[in-house]
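Visitor: Construct all of the structure, not just a fragment, from the sequences and the given hints.
So you can see what is in the structure, the chains are spelled out below.
There are 4 protein chains.
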Amino acid sequence: METIIKSIYENYKNSVGIGKVADYIPPLAKVSHEKYAISVCTVEGERFNVGDWQEKFSIQSISKVFTLSLLAPLVGPELWECVGKEPSGSPFNSLVQLEYEKGIPRNPFINAGALVVTDKLLEKIPNLDDVLLDYVRGLSGSQDIHFCRDVAASEYATGERNKALAHLMKSFGNFKGKVSTVFRAYCNQCSIEMSTSQLAQAFIFLANKGVNPLNGEQVVSCRDAKRINSLMLTCGFYDESGDFAYRVGLPGKSGVGGGIVAVIPGKLSIAVWSPELNRYGNSCRGISTLADFTTELGISVF
Amino acid sequence: METIIKSIYENYKNSVGIGKVADYIPPLAKVSHEKYAISVCTVEGERFNVGDWQEKFSIQSISKVFTLSLLAPLVGPELWECVGKEPSGSPFNSLVQLEYEKGIPRNPFINAGALVVTDKLLEKIPNLDDVLLDYVRGLSGSQDIHFCRDVAASEYATGERNKALAHLMKSFGNFKGKVSTVFRAYCNQCSIEMSTSQLAQAFIFLANKGVNPLNGEQVVSCRDAKRINSLMLTCGFYDESGDFAYRVGLPGKSGVGGGIVAVIPGKLSIAVWSPELNRYGNSCRGISTLADFTTELGISVF
Amino acid sequence: METIIKSIYENYKNSVGIGKVADYIPPLAKVSHEKYAISVCTVEGERFNVGDWQEKFSIQSISKVFTLSLLAPLVGPELWECVGKEPSGSPFNSLVQLEYEKGIPRNPFINAGALVVTDKLLEKIPNLDDVLLDYVRGLSGSQDIHFCRDVAASEYATGERNKALAHLMKSFGNFKGKVSTVFRAYCNQCSIEMSTSQLAQAFIFLANKGVNPLNGEQVVSCRDAKRINSLMLTCGFYDESGDFAYRVGLPGKSGVGGGIVAVIPGKLSIAVWSPELNRYGNSCRGISTLADFTTELGISVF
Amino acid sequence: METIIKSIYENYKNSVGIGKVADYIPPLAKVSHEKYAISVCTVEGERFNVGDWQEKFSIQSISKVFTLSLLAPLVGPELWECVGKEPSGSPFNSLVQLEYEKGIPRNPFINAGALVVTDKLLEKIPNLDDVLLDYVRGLSGSQDIHFCRDVAASEYATGERNKALAHLMKSFGNFKGKVSTVFRAYCNQCSIEMSTSQLAQAFIFLANKGVNPLNGEQVVSCRDAKRINSLMLTCGFYDESGDFAYRVGLPGKSGVGGGIVAVIPGKLSIAVWSPELNRYGNSCRGISTLADFTTELGISVF
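Residue numbers (this note's numbering), protein chains in the order written: chain E, 48 to 349; chain B, 48 to 349; chain W, 48 to 349; chain F, 48 to 349.
Calculated directly from the structure, the hints in this document are not laboratory data.
Heads up, some of the hints might be wrong.
Said to hold, decoys possible - Below, in silico cross-link-like pairs of lysine-lysine (DSS-like), each with a Cα-Cα straight-line distance of 27 Å or less:
no. : chain 1 : residue 1 : chain 2 : residue 2
1   : E       : Lys314    : F       : Lys256
2   : F       : Lys149    : E       : Lys149
3   : B       : Lys256    : W       : Lys314
4   : F       : Lys314    : E       : Lys256
5   : F       : Lys314    : W       : Lys149
6   : W       : Lys60     : W       : Lys77
7   : E       : Lys149    : B       : Lys149
8   : F       : Lys314    : E       : Lys314
9   : W       : Lys103    : W       : Lys82
10  : B       : Lys149    : F       : Lys149
11  : B       : Lys149    : W       : Lys223
12  : W       : Lys149    : E       : Lys149
13  : B       : Lys314    : W       : Lys60
14  : W       : Lys67     : B       : Lys149
15  : F       : Lys171    : F       : Lys149
16  : W       : Lys103    : B       : Lys67
17  : B       : Lys67     : E       : Lys149
18  : B       : Lys223    : E       : Lys225
19  : E       : Lys149    : F       : Lys67
20  : W       : Lys223    : F       : Lys225
21  : B       : Lys225    : E       : Lys223
22  : B       : Lys225    : E       : Lys225
23  : F       : Lys149    : W       : Lys67
24  : B       : Lys314    : W       : Lys314
25  : F       : Lys149    : E       : Lys67
Guide: Set out below in C-alpha cells:
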C-alpha cells in the first residue's frame, strides 16, 4: 500500500497547470495549486500518507456526507420523503428540476438536498455547529478541526442561488427553518478544514459497516452505511458521477476545495487533495490518483 | 356616462358566487365577496361613481403601475436592460423563464419585474415608502391613502417564491439591494388601500399624456405614458391578458384584491372593484363590467 | 394618404444594411435586400401603392392569419380548447412550454399553434391546398396567387423542430392527422407568394367587421374579426409583440419573408415589404414604416 | 447456486398483484402477470434455470445494451460526443433536457440516447435488422430469436414522443438518418423476444471482459465492457437507478416487458422475468429477486 500510493504520488507530483483552482470566493482562490496529498486508512487501523497530508484545506461539499450521516439515524426512512435518492442529471438546472418536482431535491448531495438535510438537522439539534464539529472530531479522532469563518462568510455573502433554492423549497413546504439560519449553518459546514489524513480516518466508518473503529460506536446502521455508499457512487461527483463510477468504480465524494474521499467497503478509505479542478468541479489529479489506485489494487466493480 | 355605469352596476349587482375571494393571506380572505364599485374619471375632470366607491380595498398588483411610473422618469431607456417589455407567457414558470433569460424578467408587471423596479427605486429613493405614498396621494388628490400593515406583514411572511425570484436575479447580478429590504418595500406597495374613486383619479394621468390634471404636473413623459399603456394592454392581466385585450380592448391592470383600473387614452380612466376572482386571479365582475362599458361606449381598438 | 406613404417611402428608401435577410432556407436568402413596398387599402375601396408593390414575395407566417380565419367559422369556440389565446413569451422554449402545458400551444400564431390549426383544417377540408389558395384569391380579388414549390420543399426538408412540435402534441392527443401530411400543408401555406397590394386587399375584411368588401361576403363573424385582431396585437410579432404594440399600436402580422400587414379596424389595411429582418425576425424597415404611418395619421391606441 | 435461485423462486412464486403489467401497447398487455423465470449463466459455462425460463418475452429496453455493444467497437471514443455518459435525472423531462443540452442525450439507455445509437448504427450497417438479430443469436448461442412484428408495429404507431425526440435532435444536427427509418429499426430492437435463459447467456460477455465464452470472440474491448457495466449501474433502471444500485449493487438493465438482466463482473450473468412493474417501469419481482440473490451470495459493492 505504501509503495502504491508513493508511486502514484511520484507519478503525478508535477502534473499541475491542467485545471483551475476554485475562485468563486476569494479565500479558496488563494490556495496554492501545487498542493497534493494522499492518505489511506484501513479498517484494521493502518494509515498511509504522502505529500501535504498534514495540511488542512476546505472540505466544502464533502461535508454533505457528514451531515447526511448525522441526520440518518435521527429520522429514519421518512428522510426520503423530503429528499430523493436518485442522480440529479445536471446541476445547472436544479431550479427547474425543483420546480418540476414540487420542491423535493433529487438527492442529498446536490445543494438543494444538503440544504434540506441541514434544515432537518436544525429542527433536531439547535446548536448544530458545535454538535457537528464534535461529530467530525470524533470520527477523525482529532480535536484540531474547525470552521474557517472567512470561507463561511464568503460563501454566505455570495450564495444567492442557494438562497433562491431554499426559498423555493420553502414555498413548496419542504423547508421549515429560517433561510438565513439554515444557510449560515450550511456555509459553516462547507468551511470545515481538514487534512487528508483526518478525512480518510473520518470516512472509515463507511467502509466498516457504519462502525467507527476508533471507539466501536455504531455511527450509522449497516443499512445506512450501504445507502450512503450507494448514493456516493451514483451522485458523489456532480455531473461527472457516471464517469467517476467508470474510471474509479468506488463510492466517493468530492469538494471544490480539491478534496476527494472514497471508500472500499470492508477494506479502506482514501482521501486525496489537489486544488486544480476540471470543468465539472472535481479535482483533476484527485480523480487520476483514485483511478490509478483502483487499477493498481486490481479492484473494480465492473 | 352616469346612466351607463348605473345600468351596468344594476345588471351585475347580484352576480355573486361565481368566483373566489383571494385567500392566500388571511387579511384578504376576510373581505366581503359582495362588494362592488365603479368609478369613472374623465380628463376634463368629471367624476362618476356607483356602489361601494368610497370603501378602500387592497390594490395589490395595481401598485406595479405606480412604481413603474415613479421609476420611469428617473432612469430613462436603460430601464429596459433590467426588465423586458414583452408578455410573459405563463406566470407559473417564471423561475424557469428567469433561469433561461439570465435573470431578466419579461416585463415590469410580473412579480420578478416589479421586484427589480422596486430595487431600482430604492437605489434612488432610500425613503421609498414615504415617497411612494406621497406620490399616490398626489395623483389621486387625496391624503387619505395608507399602507395596511397587516396585509404587508402577511405578504412578507408568505412570500417565499418572491424571495426565491429575488435571490435568483441577484445571482445573475440583476438585483442590487438586500432582498429583505426590497421585498418589504414591495409588500408595502401591494398593501396600499384605495377606493375606486381614488384609483380612477390616480390613473387619469395615463389617459392625459402623462399629465396630472389636478395640478398640471408632467408625471411621466408622453412617450412613457404611451409605453405604460402599451404594457398594460399586453401584460396587465396575468395569464388572461390576451383575453382581456379581446373582451375589453383597453390598457388596464388588475390586482388580487379584486380591483381593476383601465384607461381610454385621451378620454377617461375607470376603476372597478369586486373581490371574487376567476382562475387567472382577475376580478370576474370587474372584467364583465369593463367589457360592457367598452361595448356601451362603442369604443374598441379592434 | 398618397402623400403620407410616399413621404415615408422616400424617407426610408435608402435605409438598407441594418438587418439581415432570412437565410435559413436557400430560396429566401436569394431575395434582394433592397426591395421595399407599401400598399394601403381602405374599407371604401381606395388603394394606394408605392415601391415594389407589384412584386410577389414569400408571405411565410402571415399565412397563419389566413388559416385561422378559414378555420374559425368551421369550429366555433371549441377551437380554444386546442390552442390558447395568450401571448407565448419567448419562442425559443416552445417545446418546454408545450411540455408544461400538456401539448396545448399558447396561441395560433406560434408554429405549434399554426400546426394545430392546419391539422384541424385538414380534418374538415381534405383538399386544403386548393381550398386555401381559392380562399386567399377570393380575399385579394386576384387569381394570380400560388405556392412556391421550391420554398415549400426547403421548409419541409429543414423543419425538424416543427416536426418535433407536431409529434409532441400528438403524444398529448392534441394532433389528429399524419405529421408529414399536416406539415406539408403547413409548408405550402408559408410558401404562398403575394405582393403588398394583394396582401393589403386580402386583409381588409379584418378592418371591415369580417366582411370582404369586394363581394360582400361575411368571411368571419364580426366577433371573430375582433378576436383575430386582438390576437394579432398581442401575438403577431414573435418576441417583439409588446414592442410593436407600443411603437405601432395596431393589430398586425409579420413573416420572415420581410412582409408585415396591419389593420386599422373600421378604416384600412396596410402591407409593407422589406426583407431585412431585425433579431426578432421582423422586417426592420417594415416596423419603422408602420410606426411612422400611425404617427402621421395621428392614430394610436395608447 | 441451484439452491439459491430455487429458494428465491419458491419464496416469490405467489407474489403477484403488487404491480401492473405494461399496457401502453396491446400486445404487452396480453402477457400473463403470473410469469416468473430466473436464469443464471457463469463465465465457466454453467447454467441454472427455474420457472418459465423457456418462454420468450419482449426484451424492450434491454435491447439498448445490445445496440450499444454492437456500436461501441465501430466508432470509438467519438461516440461520447453524440451521447452522454451521465445519469439523466428524471425521464419525464427528457425533451426539456435535450433542449437545454442542445440535442445531446444524457446517456445511451434513455430513449433519446438509444435513438442516436441506432442512427449511428444505420450509418455503418444499412441492413441493421438482420445484422442485429445475428449478433444477438451469436451472443446467446441460439438461432431461435426473432422480432415480434406485432409489438414493433404497435410501438411504431404509438411512439409520438420518441419521434419528437428524434426530430428535435435532428434540428440540433445530432441525428443523421430519416426519422421513420431509424425509429422503425428502434422499434424492431425493442420487439426482440428472448427467454431468460437466452438473455443470461447473451449478457455473459459483459461479465467476461468482453469475450463471448461460446466462441472466444472479443465482442467489445475489455474497456468497453467496463464502460457498459458502469453505465448499467448508474443508468440502467430509469428513475430508479439509484435505488437499484443500493438494493442490488450490480450493473443491470430492465425492460417494460418485465425482464431484468444483471452481471457480476468476472463471475456470472442473471436474467429474471416477471411482468408486473412498479411505478418506475421496472419489474417488481425482478428487483426483489436480484436483491435477494446478491444478499444470498454475500456480494455487494457497498
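Visitor: Hints first: check each against the structure and report whether it holds.
Guide: So, going through the hints one by one against the coordinates:
As the CA atoms of Lys314(E) and Lys256(F) are separated by approximately 24 Å, the hinted pair is consistent with the 27 Å bound. Proximity of Lys149(F) to Lys149(E) is assessed by CA-CA distance (about 25 Å); at most 27 Å being required, the pair is judged to hold. Restraint check: the Cα-Cα separation between Lys256(B) and Lys314(W) comes to about 24 Å, which is no more than 27 Å; the hinted pair holds. This hinted pair checks out: Lys314(F) and Lys256(E) have alpha carbons roughly 24 Å apart, not beyond 27 Å.
Restraint check for Lys314(F) and Lys149(W): the C-alpha separation of about 47 Å exceeds 27 Å, so the hint is violated. Between Lys60(W) and Lys77(W) the CA atoms are separated by roughly 20 Å; this keeps the pair inside 27 Å, and the hint holds. Restraint check: the Cα-Cα separation between Lys149(E) and Lys149(B) comes to about 22 Å, which is no more than 27 Å; the hinted pair holds. Restraint check: the Cα-Cα separation between Lys314(F) and Lys314(E) comes to about 21 Å, which is no more than 27 Å; the hinted pair holds.
At roughly 11 Å between alpha-carbon atoms, Lys103(W) and Lys82(W) fall within 27 Å of each other, so this suggested pair holds. For the suggested pair Lys149(B) and Lys149(F), the alpha carbons sit about 17 Å apart, so the restraint of at most 27 Å is met. Simply put, Lys149(B) and Lys223(W) have alpha-carbon atoms about 37 Å apart, too far for the 27 Å limit, and the pair is violated. Annotation: proposed proximity of Lys149(W) to Lys149(E) holds, straight-line Cα distance about 17 Å (limit 27 Å).
For a cut-off of 27 Å, the pair hint linking Lys314(B) to Lys60(W) is broken: about 37 Å separates their Cα positions. As the CA atoms of Lys67(W) and Lys149(B) are separated by approximately 26 Å, the hinted pair is consistent with the 27 Å bound. Pair hint Lys171(F) plus Lys149(F) holds up; C-alpha atoms about 24 Å apart against a cutoff of 27 Å. Restraint check for Lys103(W) and Lys67(B): the C-alpha separation of about 54 Å exceeds 27 Å, so the hint is violated.
Distance hint between Lys67(B) and Lys149(E) is fulfilled; the C-alpha atoms sit about 24 Å from each other, no more than 27 Å. For the hint pairing Lys223(B) with Lys225(E), the CA-to-CA distance comes to about 22 Å; that is within 27 Å, so the pair holds. For a cut-off of 27 Å, the pair hint linking Lys149(E) to Lys67(F) stands: about 26 Å separates their Cα positions. In summary, the hint linking Lys223(W) to Lys225(F) is supported, as the alpha carbons are separated by about 22 Å, within the 27 Å threshold.
Distance restraint check for Lys225(B) and Lys223(E): the Cα-Cα separation of roughly 22 Å lies within the 27 Å cut-off, and the hinted pair is therefore satisfied. Taking the CA atoms of Lys225(B) and Lys225(E), the gap is near 16 Å; set against the 27 Å cutoff, the hint holds. For the hint linking Lys149(F) to Lys67(W), the alpha-carbon distance of about 24 Å falls within 27 Å, and the restraint holds. Annotation: proposed proximity of Lys314(B) to Lys314(W) holds, straight-line Cα distance about 21 Å (limit 27 Å).
Distance restraint check for Lys149(F) and Lys67(E): the Cα-Cα separation of roughly 26 Å lies within the 27 Å cut-off, and the hinted pair is therefore satisfied.
Violated hints, in rising order: 5, 11, 13 and 16; the structure is consistent with all others.
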